[in-house]
Amino acid sequence: MLYSTASVFYAGTIGGRDVLFLYGDFNQSHEIAVEFTGTGTQFARSTVSFSTGADIDGYTTVTLLPGIEGFVPLYESDTQLILYSDSVTAATFWAPVIPASEGTAFQNYYQFGSNTTVLVGGPYLVRNASISDGTLALRGDLNQSALLTIIAPDDVTSVTWNGAPVSAYSLTDGILAGYLSTNLTTSSITVPALTGWRYADSLPEVQSNFSDADWVIANHTTTNITPGMLYGDGQVLFGE
Amino acid sequence: MSDVTVLIFIISEVPIGEVSRNLESTPGMITLLWRVLIHTEKNPPISYDYGSSIRESRLLSDKFDELKRQGIFLRSSPGFYKTDWVGDTDTTMPGVTVNGSEAYVTWLRNPDTGAGFYIVRQANSSSL
Numbered sequence: 001m002l003y004s005t006a007s008v009f010y011a012g013t014i015g016g017r018d019v020l021f022l023y024g025d026f027n028q029s030h031e032i033a034v035e036f037t038g039t040g041t042q043f044a045r046s047t048v049s050f051s052t053g054a055d056i057d058g059y060t061t062v063t064l065l066p067g068i069e070g071f072v073p074l075y076e077s078d079t080q081l082i083l084y085s086d087s088v089t090a091a092t093f094w095a096p097v098i099p100a101s102e103g104t105a106f107q108n109y110y111q112f113g114s115n116t117t118v119l120v121g122g123p124y125l126v127r128n129a130s131i132s133d134g135t136l137a138l139r140g141d142l143n144q145s146a147l148l149t150i151i152a153p154d155d156v157t158s159v160t161w162n163g164a165p166v167s168a169y170s171l172t173d174g175i176l177a178g179y180l181s182t183n184l185t186t187s188s189i190t191v192p193a194l195t196g197w198r199y200a201d202s203l204p205e206v207q208s209n210f211s212d213a214d215w216v217i218a219n220h221t222t223t224n225i226t227p228g229m230l231y232g233d234g235q236v237l238f239g240e
Numbered sequence: 241m242s243d244v245t246v247l248i249f250i251i252s253e254v255p256i257g258e259v260s261r262n263l264e265s266t267p268g269m270i271t272l273l274w275r276v277l278i279h280t281e282k283n284p285p286i287s288y289d290y291g292s293s294i295r296e297s298r299l300l301s302d303k304f305d306e307l308k309r310q311g312i313f314l315r316s317s318p319g320f321y322k323t324d325w326v327g328d329t330d331t332t333m334p335g336v337t338v339n340g341s342e343a344y345v346t347w348l349r350n351p352d353t354g355a356g357f358y359i360v361r362q363a364n365s366s367s368l
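Residue numbers (this note's numbering), protein chains in the order written: chain W, 1 to 240; chain U, 241 to 368.
Derived from the structure by calculation, the hints contain no laboratory data. There are no misleading hints in this set.
Across the chosen pairs, the derived CB separations fall in these ranges: (1) W/M229 to U/I294: 48 to 54 Å; (2) U/T331 to W/P165: 55 to 61 Å; (3) U/E342 to W/L147: 38 to 44 Å; (4) U/N339 to W/G67: 27 to 33 Å; (5) U/E342 to W/P165: 53 to 59 Å; (6) W/D233 to U/R298: 53 to 59 Å; (7) U/G354 to W/Q111: 16 to 22 Å.
With a cut-off of at most 20 Å between alpha-carbon atoms, the simulated DMTMM-like pairs for lysine to aspartate or glutamate come out as follows: (8) U/K308 to U/E296; (9) U/K308 to W/D141; (10) U/K322 to U/D352; (11) U/K303 to W/D25.
Far from chain W, by Cβ distances over 10 Å, these chain U residues were calculated: (12) V326; (13) T332; (14) G354.
Ideal Cβ positions, reconstructed from N, Cα and C, are used throughout, including at glycine.
In isolation and in its complexed conformation, chain W is listed as follows (with noise of 0.2 Å):
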């Protein structure tokens, strides 16, 4: 990319793609200029426009109207996958960290022992993402029914949601969508019977038959504790 008027949200590479991710805000507009990249399919709309003819050095223009909302992929080849969202659509993105082999140290830290992230976009919090055998295991919290929208590499061709299978389709290719549903109502939540307290009186010498016999008398006239009693008529009141 030689310049972009709207914000990077992520740049890497996501399964042999680059991936560039630009956001903006609902009522501007923006301009990107690209070296598109492999073979692939540029996705013009009303609101978004490629310019045509001779590129310049190679680069073309993308003018994004204002008035863009939600997910709205531009570019997609083999070798390159630009997006664009409004940045509200962009925050409810996620890029967990796929961690590395077992055994890698620092597996789980970015840039530290992996390099391999993924997109994850829907969820009201997605806690962790890994990717075994084509499935991505993803785990999170929802916090309504949410459409998902998942940036994964290529091979990647089921996911599952908190251990559930999401059914998943491809949009585009590497770009994967589902839906995930919540259907938790409180009258589904059984809470259980909480018994077995343990419990101690913190006020037992308010009961008729409690005996203070076991207190220790207070006519003490010498102590250990230095500098003992500085004040009163020679009592001391310390414990010992």
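On the provided structure of chain W, position chain U as indicated by the hints.
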């Protein structure tokens, strides 16, 4: 509880200029703009968690969204992690011309990769 409007200035990074996916090898220019986030909530931040991106109720706030946007951008530009200060508007920056006095420019450079970063920001909150 009535709606409370809280005005929060959050620095938002808007890259303008040459930003390449291979940020280690080409100079990039990052503009930091004051982004006014009008913050209206039915449950306004209470005193102990004011300003936190995760509220005391463990819910995520608008600040979390903005910090996430900036954080993933920073993670995408690893050359920015180690920079030397080269110059700014108050000193001499060879080859850099700043038009007007409303912008304050700081020039940072990564000593290992040579990648340059121009941090441009408004001189003060009224030079919008």
